[in-house]
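**Student:** Taken in order, these protein sequences are the chains called H and Z. Residue numbers for the first sequence follow the working numbering, so the first one is 38 and each next one is one higher. Residue numbers for the second sequence follow the working numbering, so the first one is 14 and each next one is one higher.
You may find that some hints are simply not true.
Computed list of lysine-lysine pairs in DSBU-like fashion (alpha-carbon distance at most 30 angstroms, straight line) [as the list claims (entries may be wrong)]: (1) Lys383/Z - Lys280/Z; (2) Lys114/Z - Lys222/H; (3) Lys118/Z - Lys131/Z; (4) Lys162/Z - Lys308/H; (5) Lys222/H - Lys280/Z; (6) Lys85/Z - Lys222/H; (7) Lys206/H - Lys141/Z; (8) Lys383/Z - Lys206/H; (9) Lys141/Z - Lys222/H; (10) Lys308/H - Lys112/Z; (11) Lys383/Z - Lys222/H; (12) Lys115/Z - Lys206/H; (13) Lys222/H - Lys115/Z.
Honestly, the hints are just simulated from the structure, not real lab data. As the structure is a computational prediction, the values presented were derived from the model and not from experiment.
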Amino acid sequence: MRGRDTSLLWSFGFLAAAFSIAPLVAFSFSAFAGMGKADASKTLPLLLALVSPSTLSALRFSLVQAALSTVLALLVGFPGAFFVARYDFRGRRFFMALAAVPFCLPAILVILSFILYYGKNGYFSLILARLGYGSKGEGLLYSIWGLVFVHAFYNFPIVIQNVGSVWAKMSRSREEAARTLGAGKFRSFAAGTLPYLLPSILQSASLIFLFCFFSFTIVLVFGGLAGSTLEVGIYRAIRFTNDRPKALALALLQTAIALLVVGAFAHFDRKNADASKDFGNPPPRHRPRSFSLLAIGAYSVLIAVFFLGPLFALTAEAFTVRYSLAGESRFGLENFARLLTGPAPLLLRAAGSSLSLSGLAALAAVILGFSVAASSHNGARRGQTAKAFGFRVSMNSWITALPLALSPAVISAGWSALMDSSGELLIVIGQMAIAWPFVARSLSAAFSSLDRKRNEAARTLGASPLQAMIRVDAALIAPSVASAAAFAFSITMGDANIPLILGGGKRETLPLLLYRLTSSYRFSEACAVGIVLALFTSVAFFLKERTHETP
Amino acid sequence: MKHLEVSGLRFSQGDFNLQASFSLDRGMTGIILGPSGCGKTTLLRCIAGLERPDAGEITLAGTAINLLPPEKRNLGFIFQDLALFDHVSGRKNIEFGLKLKKTPKAETVASIASLAKKLKIEALLDRKPFSMSGGEKQRLAFARAIATKPGLLLMDEPLSSLDAPLRRELRAYLRSTFSREGVTALHVTHDVEEALELGDEIFIMNHGRIVARGEPRAIFEAPPDAWCVRFLGLGFLLPVLSIKTQGGVGIAVTPFGLYAYPPKGCKASKDEIDRGEAHLYIPKRAASLLPDSMKHVDLGSSIGILEAEVEGIVFQGTFQKIELLPTPTKKDAHGAAGPAAASNHIEVEMDSAAAIAKGERARFSIEPGKCSIVPERVHS
Numbered sequence: 038m039r040g041r042d043t044s045l046l047w048s049f050g051f052l053a054a055a056f057s058i059a060p061l062v063a064f065s066f067s068a069f070a071g072m073g074k075a076d077a078s079k080t081l082p083l084l085l086a087l088v089s090p091s092t093l094s095a096l097r098f099s100l101v102q103a104a105l106s107t108v109l110a111l112l113v114g115f116p117g118a119f120f121v122a123r124y125d126f127r128g129r130r131f132f133m134a135l136a137a138v139p140f141c142l143p144a145i146l147v148i149l150s151f152i153l154y155y156g157k158n159g160y161f162s163l164i165l166a167r168l169g170y171g172s173k174g175e176g177l178l179y180s181i182w183g184l185v186f187v188h189a190f191y192n193f194p195i196v197i198q199n200v201g202s203v204w205a206k207m208s209r210s211r212e213e214a215a216r217t218l219g220a221g222k223f224r225s226f227a228a229g230t231l232p233y234l235l236p237s238i239l240q241s242a243s244l245i246f247l248f249c250f251f252s253f254t255i256v257l258v259f260g261g262l263a264g265s266t267l268e269v270g271i272y273r274a275i276r277f278t279n280d281r282p283k284a285l286a287l288a289l290l291q292t293a294i295a296l297l298v299v300g301a302f303a304h305f306d307r308k309n310a311d312a313s314k315d316f317g318n319p320p321p322r323h324r325p326r327s328f329s330l331l332a333i334g335a336y337s338v339l340i341a342v343f344f345l346g347p348l349f350a351l352t353a354e355a356f357t358v359r360y361s362l363a364g365e366s367r368f369g370l371e372n373f374a375r376l377l378t379g380p381a382p383l384l385l386r387a388a389g390s391s392l393s394l395s396g397l398a399a400l401a402a403v404i405l406g407f408s409v410a411a412s413s414h415n416g417a418r419r420g421q422t423a424k425a426f427g428f429r430v431s432m433n434s435w436i437t438a439l440p441l442a443l444s445p446a447v448i449s450a451g452w453s454a455l456m457d458s459s460g461e462l463l464i465v466i467g468q469m470a471i472a473w474p475f476v477a478r479s480l481s482a483a484f485s486s487l488d489r490k491r492n493e494a495a496r497t498l499g500a501s502p503l504q505a506m507i508r509v510d511a512a513l514i515a516p517s518v519a520s521a522a523a524f525a526f527s528i529t530m531g532d533a534n535i536p537l538i539l540g541g542g543k544r545e546t547l548p549l550l551l552y553r554l555t556s557s558y559r560f561s562e563a564c565a566v567g568i569v570l571a572l573f574t575s576v577a578f579f580l581k582e583r584t585h586e587t588p
Numbered sequence: 014m015k016h017l018e019v020s021g022l023r024f025s026q027g028d029f030n031l032q033a034s035f036s037l038d039r040g041m042t043g044i045i046l047g048p049s050g051c052g053k054t055t056l057l058r059c060i061a062g063l064e065r066p067d068a069g070e071i072t073l074a075g076t077a078i079n080l081l082p083p084e085k086r087n088l089g090f091i092f093q094d095l096a097l098f099d100h101v102s103g104r105k106n107i108e109f110g111l112k113l114k115k116t117p118k119a120e121t122v123a124s125i126a127s128l129a130k131k132l133k134i135e136a137l138l139d140r141k142p143f144s145m146s147g148g149e150k151q152r153l154a155f156a157r158a159i160a161t162k163p164g165l166l167l168m169d170e171p172l173s174s175l176d177a178p179l180r181r182e183l184r185a186y187l188r189s190t191f192s193r194e195g196v197t198a199l200h201v202t203h204d205v206e207e208a209l210e211l212g213d214e215i216f217i218m219n220h221g222r223i224v225a226r227g228e229p230r231a232i233f234e235a236p237p238d239a240w241c242v243r244f245l246g247l248g249f250l251l252p253v254l255s256i257k258t259q260g261g262v263g264i265a266v267t268p269f270g271l272y273a274y275p276p277k278g279c280k281a282s283k284d285e286i287d288r289g290e291a292h293l294y295i296p297k298r299a300a301s302l303l304p305d306s307m308k309h310v311d312l313g314s315s316i317g318i319l320e321a322e323v324e325g326i327v328f329q330g331t332f333q334k335i336e337l338l339p340t341p342t343k344k345d346a347h348g349a350a351g352p353a354a355a356s357n358h359i360e361v362e363m364d365s366a367a368a369i370a371k372g373e374r375a376r377f378s379i380e381p382g383k384c385s386i387v388p389e390r391v392h393s
């Protein structure tokens, strides 16, 4: 039985890994094929591409901006993690739910909102000007600092949720023990809490680093003057110069570095699972009083001004109707109306496409993610030793983090080469490929929290193995599956890259419509589409939050 | 001067209110005994400075410590989950407090070595806590807490997660170490056996108040109220209908007969007796079986005889536990006794050799010197 379980784990693991790597392999073949037979050595151009000054500078820029963004995201997110872990306050759930943003809002929407808020005529700039700090921040948005700022504010909610949820579960007795042994507040935190929190901090850091390292659209817009990342280089090589060997070289370099980070992620993921295994009952959360209330208030204001401000600007813009060239405007619903009326209502059509494609992709992602999670759970549940537990968690982390180490541009081009066609099927497959790891991760957590004793209790009460599985295990897992499905739906709904590259212009989804309107400077309408898109993704995510706390 | 003095301590959180005043001599072990949720852990945390009381003063060796942060109070605390630092070795765990006290390196090394020898934990110094057994972790936590020679050791049910044999072993270990090292300790538990074995003085808590205090023997011989009798499982209670004096001896009238009690043996007020809130407390070992020849004798209004049906006998090794359903006396069964006579099962303990069988009706004589009349609850 054990043998069969383990081989099931291996086969699903292998399938999932193969699924992740297939497009990279396909792209590699197409790159080599493109070099022709005359080349003395097919690897030479690859090597040359790797050592060129532009590659090295792109590599440096990629690493520096990702590192800075990660540090800033940690700094912004850490106090939030502390507050949600220790206190019960109005808005606590909201802080946790913000984690949806980096996963579900397409980058283009974030860019649009940051420009509307921090840009030259943005609300924030206008307020600064009113306060007499007129041109202080101008141009900052389009430098490396702007890029780092946008990245950090895009990703800090990951820290709040990942670190906050671990912290909330942690008993405070170690910190208190340190205090009774003579340590001050800071020292006792360092001795009694930080070592147990560190895995989750580093796990979040590696995830954010990966997101920023592969960031593409945001770099293209905000980093333009400061430098270019490897991902932008890959995109340019594929799209404009059709230099596939160079794109491949950059992608391999990028993946090699990303694999190190994925390794770190998998390692900390496992440590995190190990550390939080023995936490026992979570300590109670208190209502904040005096100083803590003040601190939470100040933090909320900071988040509202810097982070929610852009989203507010986006909403305001969606309802702003400009009716003269002089820039006069008023409040109204015309932006929506224009997109909803006419012989071919753009918004309805795009929403229809988005719903059907994302629905299918999410369904497929749930099937694959469920299979991987279930088989890895099954593979080690009987007589599980610490080593087996560790191995299972590691393998799970590796398999589910692997897709994060691959260039989205190369993946898209690879799928395109693999299927030799464009269109709906490709979009569904491509989006499924980005969503399934998150499904597998959240379902793995659900599977590992299944208590085998409940199943055994059902058996002793007269249930057959099948009945016990359906009435106990399946019933307990079902809410997690529903929430994972909602999460997958949010991710695929918000994704713009796959349909942009693979869609071949046949189906216009909401993010694509958003792109098209933005590039033709129809910002108000773009914002209206953004609002509709954000509604879809956030409703799905909030449904997920109702049943599950961690992604 | 007492070593630890807690006076007028008040702490409230939501509906819960804690009020406590007590003291403890140097070198003594005080036990805070009470049911779950009675506030014993909170009391300990207030003393340690981990909770901030609303009022009150705490002094340790003559110094007020209630305004000091936990790290300045010179206390040791052993937590229920032990709170060992799993990421570092046993040695580093013990070293932690010594380093913070800026103990010179050589002295640290020497004191860890001698402590490890005394507590028999040499083998644990270079291992990390996650690889240790429950008992080993306990010993390490204990060593860590006393390494800095704290003025007071606070223990929050550290033995509660262990199995019975290991708990017995560690109790003996703690008792001998406490007396050898002259540790002053305050130990929270809900385990009566543990309280008796470790405590020089017991403080019984209920609903945020200390309801009884004293040496274990004194509390067990003269429990202050019915609640303590039930909580400590000391004996059984019969409702007192009234009291009277007969030939200079106090007599309690119960639905199950008349019983004498010693002078000063009535702790309930007249009001409490009139309201039906008083009980006759009879210790488990105060009943002895009357011979068969006494079974059918008409007792009339004899004093100190309990008649009951034997419902069950539980062999307990050196003694046997007899479960009884007391029979109301005829007069009271239909009259004044009313609902009080709707009797509860009671338990007495006797020698294993006592010849008694399940289902039979038996008569017991009750030793008057051991009985007392207690109120339902002492209001402190």
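**Student:** Hint by hint, say whether it matches the structure.
**Tutor:** Now for the hints, and whether the structure bears them out:
1. Distance check on the hinted pair: Lys383/Z and Lys280/Z sit about 14 angstroms apart at the alpha-carbon level, within 30 angstroms; holds.
2. Taking the CA atoms of Lys114/Z and Lys222/H, the gap is about 15 angstroms. The hint holds against a cut of 30 angstroms.
3. Of the supplied pair hints, the one linking Lys118/Z and Lys131/Z holds, its CA atoms being roughly 20 angstroms apart against a limit of 30 angstroms.
4. The straight-line distance between the Cα atoms of Lys162/Z and Lys308/H is roughly 35 angstroms, outside the 30 angstroms bound, and the hint therefore fails.
5. Our distance criterion of 30 angstroms between C-alpha atoms is broken by Lys222/H and Lys280/Z, whose separation comes to about 49 angstroms.
6. A distance of roughly 12 angstroms separates the Cα atoms of Lys85/Z and Lys222/H; the hinted pair therefore holds under the 30 angstroms criterion.
7. Simply put, Lys206/H and Lys141/Z have alpha-carbon atoms about 22 angstroms apart, close enough for the 30 angstroms limit, and the pair holds.
8. Distance restraint check for Lys383/Z and Lys206/H: the Cα-Cα separation of roughly 51 angstroms exceeds the 30 angstroms cut-off, and the hinted pair is therefore not satisfied.
9. Of the pairs offered as hints, the one joining Lys141/Z and Lys222/H holds, with about 24 angstroms between alpha carbons and a cut-off of 30 angstroms not exceeded.
10. Pair hint Lys308/H plus Lys112/Z holds up; C-alpha atoms about 28 angstroms apart against a cutoff of 30 angstroms.
11. For the hint linking Lys383/Z to Lys222/H, the alpha-carbon distance of about 54 angstroms lies beyond 30 angstroms, and the restraint is violated.
12. Under the criterion of a C-alpha separation no larger than 30 angstroms, the hint pairing Lys115/Z with Lys206/H is inconsistent with the structure, at around 33 angstroms.
13. Using a Cα cut-off of 30 angstroms, the hinted pair Lys222/H and Lys115/Z holds, with the two alpha carbons roughly 17 angstroms apart.
Violated hints, listed in ascending order, are 4, 5, 8, 11, 12; each of the other numbered hints is respected by the structure.
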